[in-house]
Amino acid sequence: MTEGRSPIDRVSPEDEPAILALNNEHAAELSWLEAERLSFLLGEAFYARRIGALEAFIMTFDQDADYDSPNFLWFCERYPRFVYVDRVVVAAAARGLGHARRLYEDLFEYVARSGQAIVTCEVNADPPNPASDAFHAALGFAEVGDAVIHGGKKAVRYYLRQLA
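Residue numbering for the sequence shown follows our numbering, beginning at 667 and increasing consecutively.
Hints were generated in silico from the structure; no laboratory data involved. Glycine residues also receive a C-beta, built at the ideal position from the N, C-alpha and C atoms. Treat the hints with care, since some could be wrong.
[As the list claims (entries may be wrong)] Below, computed lysine to aspartate or glutamate pairings styled on DMTMM-like, alpha-carbon distance capped at 25 Å: (1) 819 / 695; (2) 820 / 732; (3) 819 / 799; (4) 820 / 775; (5) 819 / 775; (6) 820 / 799; (7) 819 / 734; (8) 820 / 734; (9) 820 / 743; (10) 819 / 691; (11) 819 / 809; (12) 819 / 721; (13) 820 / 700; (14) 820 / 695; (15) 820 / 809; (16) 819 / 700; (17) 820 / 691; (18) 820 / 680.
[What the hints assert, rightly or not] Pairwise CB distance ranges, derived in the manner of DEER restraints: (19) 695 / 817: 13 to 23 Å; (20) 780 / 801: 18 to 28 Å; (21) 684 / 830: 17 to 27 Å; (22) 673 / 812: 35 to 45 Å; (23) 780 / 810: 18 to 28 Å; (24) 683 / 821: 28 to 38 Å; (25) 806 / 780: 10 to 20 Å; (26) 817 / 671: 40 to 50 Å.
Input sequences plus hints: build the corresponding full structure.
Next comes the structure, spelled out in structure tokens:
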């Protein structure tokens, strides 16, 4: 850990109420979760981490997860092995501290150690999210597709990063 920075830790069951609250503050960008659904998803997660008390969190799944997200399923149809970033959330008070980048860098190391080589995600195209597009491009992600989901209510771009 770098001096003065909050540690990255595994998500534990005790973290779930705070994660649920932070997630649901950003339900428009992510999706609303109920407590039971969050517990289930965390049980399926390939990698779930938080920074500090809950300055930020990330939840990912590999290709074997029991997950019905249309975005996750899009990758399942196209790639035999991958890790899908389902959500990354940074609390408003912790924005600009590099937490999302730290979580992704830690994820990339974990993915490589686990023998995986592809990390995927999606970013909203409608409503647009140009900051997230730029962030993912800076991390080395490339666009590999797009879709309109949720009965036409949302459009997304799919991204992939091949690890060395």
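Structure versus earlier hints, numbers of those that do not hold, lowest first: When the structure is compared with the hints, numbers 4, 5, 12, 18, 21 turn out to be violated.
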